[in-house]
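Novice: Each protein sequence line maps, in turn, to chains A and B.
Residue numbers for the first sequence follow our numbering, beginning at 11 and rising by one.
Residue numbers for the second sequence follow our numbering, beginning at 2 and rising by one.
Hints were generated in silico from the structure; no laboratory data involved.
Check each hint, because a few of them may be wrong.
Claimed, not checked - Here are a few chain B residues that sit away from chain A, every Cβ distance over 10 Å (derived from the structure):
id, residue
1, R17
2, W23
3, N25
4, K45
5, G73
6, D75
7, K79
8, D87
What the hints assert, rightly or not - In silico lysine to any residue, SDA-like type, Cα no more than 25 Å apart, as pairs:
id, chain 1, residue 1, chain 2, residue 2
9, B, K63, A, R76
10, B, K12, A, G50
11, B, K45, A, T114
12, B, K84, B, T104
13, B, K79, A, L56
14, B, K45, A, N13
15, A, K91, B, K12
16, B, K84, A, G50
17, B, K16, A, N13
18, B, K45, A, S93
19, A, K78, A, A49
20, A, K67, B, G4
21, B, K16, A, R76
22, B, K12, A, L56
23, B, K45, A, T54
24, B, K63, A, Y82
25, B, K45, A, K119
26, B, K63, A, A112
27, A, K119, B, Q42
28, A, K91, B, R112
29, A, K91, B, T104
30, B, K63, A, K78
31, A, K91, B, S28
32, A, K91, B, R10
33, B, K45, A, Y82
34, A, K91, B, Q42
Note that CB positions come from ideal geometry on N, CA and C, so glycine has one too.
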Amino acid sequence: GQNIDQPTEMTATEGAIVQINCTYQTSGFNGLFWYQQHAGEAPTFLSYNVLDGLEEKGRFSSFLSRSKGYSYLLLKELQMKDSASYLCAVLGTGGFKTIFGAGTRLFVKA
Amino acid sequence: EAGVAQSPRYKIIEKRQSVAFWCNPISGHATLYWYQQILGQGPKLLIQFQNNGVVDDSQLPKDRFSAERLKGVDSTLKIQPAKLEDSAVYLCASRVSGGALDTQYFGPGTRLTVL
């Protein structure tokens with residue numbers, strides 16, 4: 011079967027660093043996406059990893075280990091506006107179907 | 002560049018009624034997706050179009066849901082008749098092509114409440 015696991019909720023303090031983990035088991039793999047979704051809004055693209063390693067983009071970094079079926083999203087210098095849900099999604103093969111995890115709700119407190 | 006447009010933004014209906022949602026993807030995007038997102042869950046793919054052809058509709062409840070993308074541009078998603086469990090946000094997304102490196106762009110969604 012296909013499964014994507016992420017923690018349901020996390021809380022962190024403004025200015026701190028937080029790591030959101032994602033593990034996946036899918037029948038095919040063509041890359042992993044992270045999306046940010048504020049309450050009541052559509053998901054917006056954050057990052058895409060297809061090779062092992064760390065991709066850095068400003069305050070956000072994403073890591074992938076294909077052999078372990080594992081990824082994480084690292085958010086540095088947290089701001090209140092980072093309070094949102096973070097969705098891990100795996101792009102399959104054969105038609106490029108995207109499977110989403112349930113999302114991790116991040117609460118940033120002052 | 003205009004984003005993915007969806008209408009209506011909100012819809013409230015009673016069970017057993019019918020409802021239709023409309024999506025206009027980003028110009029030039031060949032691939033179009035409809036997702037259902039129930040509160041507290043991630044988006045679940047209902048149907049994927051490549052131009053006006055269906056690529057994947059394996060999770061579309063075909064006894065009550067239907068979708069079409071005539072002329073390979075706009076798309077409509079219909080539910081007939083609606084059930085209570087259909088209450089969700091329906092997201093439309095588009096992508097330039099089916100290529101892996103092309104990210105999906107999501108519309109604002111239609112929030113459906115079935116009473």
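Novice: Each hint: holds or not?
Specialist: For each hint, the structure was consulted:
no.: 1; hint: R17; in the structure: holds (27 Å)
no.: 2; hint: W23; in the structure: holds (15 Å)
no.: 3; hint: N25; in the structure: holds (14 Å)
no.: 4; hint: K45; in the structure: violated (7 Å)
no.: 5; hint: G73; in the structure: holds (17 Å)
no.: 6; hint: D75; in the structure: holds (18 Å)
no.: 7; hint: K79; in the structure: holds (21 Å)
no.: 8; hint: D87; in the structure: holds (19 Å)
no.: 9; hint: B:K63 x A:R76; in the structure: violated (35 Å)
no.: 10; hint: B:K12 x A:G50; in the structure: holds (14 Å)
no.: 11; hint: B:K45 x A:T114; in the structure: holds (16 Å)
no.: 12; hint: B:K84 x B:T104; in the structure: violated (32 Å)
no.: 13; hint: B:K79 x A:L56; in the structure: violated (31 Å)
no.: 14; hint: B:K45 x A:N13; in the structure: holds (13 Å)
no.: 15; hint: A:K91 x B:K12; in the structure: violated (28 Å)
no.: 16; hint: B:K84 x A:G50; in the structure: holds (22 Å)
no.: 17; hint: B:K16 x A:N13; in the structure: violated (31 Å)
no.: 18; hint: B:K45 x A:S93; in the structure: holds (23 Å)
no.: 19; hint: A:K78 x A:A49; in the structure: violated (31 Å)
no.: 20; hint: A:K67 x B:G4; in the structure: holds (23 Å)
no.: 21; hint: B:K16 x A:R76; in the structure: violated (44 Å)
no.: 22; hint: B:K12 x A:L56; in the structure: violated (29 Å)
no.: 23; hint: B:K45 x A:T54; in the structure: holds (16 Å)
no.: 24; hint: B:K63 x A:Y82; in the structure: violated (36 Å)
no.: 25; hint: B:K45 x A:K119; in the structure: violated (30 Å)
no.: 26; hint: B:K63 x A:A112; in the structure: holds (24 Å)
no.: 27; hint: A:K119 x B:Q42; in the structure: holds (23 Å)
no.: 28; hint: A:K91 x B:R112; in the structure: holds (23 Å)
no.: 29; hint: A:K91 x B:T104; in the structure: holds (23 Å)
no.: 30; hint: B:K63 x A:K78; in the structure: violated (36 Å)
no.: 31; hint: A:K91 x B:S28; in the structure: violated (30 Å)
no.: 32; hint: A:K91 x B:R10; in the structure: holds (24 Å)
no.: 33; hint: B:K45 x A:Y82; in the structure: holds (21 Å)
no.: 34; hint: A:K91 x B:Q42; in the structure: holds (21 Å)
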